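For the sequence shown, our numbering assigns the number 135 to the last residue and increments by one with no breaks.
Misleading hints may appear alongside valid ones.
[Said to hold, decoys possible] Below, in silico cross-link-like pairs of lysine-lysine (DSS-like), each with a Cα-Cα straight-line distance of 25 Å or less:
1) Lys76 x Lys130
2) Lys130 x Lys74
3) Lys71 x Lys130
Derived from the structure by calculation, the hints contain no laboratory data. As the structure is a computational prediction, the values presented were derived from the model and not from experiment.
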Amino acid sequence: MSKKDESGIPLSKIIISSAVGTVLFFLLLVSLAALVLKTSANQSLYLVYGLAAGVISGFANGFVASKLIKEKGLFYGAISGLIQSLVCALIVFILNKGTAGNGIFILIAIITLVSSLGGIAGMNLKKKIKY
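Construct the complete structure from the given sequences, taking the supplied hints into account.
This is the structure:
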């Protein structure tokens with residue numbers, strides 16, 4: 005069983021998976037920003053691009069959390085996703101000088117939900133045993 009703190013929650017593994025998700029989120033945003041600059045995409049698609057980056061990184065976050073912790077994929081995926089989404093929201097608030105639209109609340113909800121789904125997927129994906 006993994007090393008846990010007094011409350012029984014493996015905080016170090018949750019923080020690692022949240023960091024993986026956050027880094028992936030911002031790498032996806034940078035690549036999407038480069039794509040937008042190159043193609044001159046419509047400004048109305050910016051929210052869609054941000055949500056797509058949130059879905060991909062959130063799923064990866066939950067998947068990594070469940071693979072590291074090896075139990076309760078839904079719970080630990082959701083906790084890890086909530087931490088990732090709050091860190092991303094904080095960074096967005098800082099970069100926008102304290103302002104963000106309603107899309108940030110949608111992003112927090114989507115990252116948390118998709119991270120829990122990634123946690124379920126990570127728990128249900130078994131290694132194939134070769135005989």
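Verification of the hints:
no.: 1; hint: Lys76 x Lys130; in the structure: holds (15 Å)
no.: 2; hint: Lys130 x Lys74; in the structure: holds (11 Å)
no.: 3; hint: Lys71 x Lys130; in the structure: holds (10 Å)
Against the hints set out earlier in the document, no violation occurs for any number.
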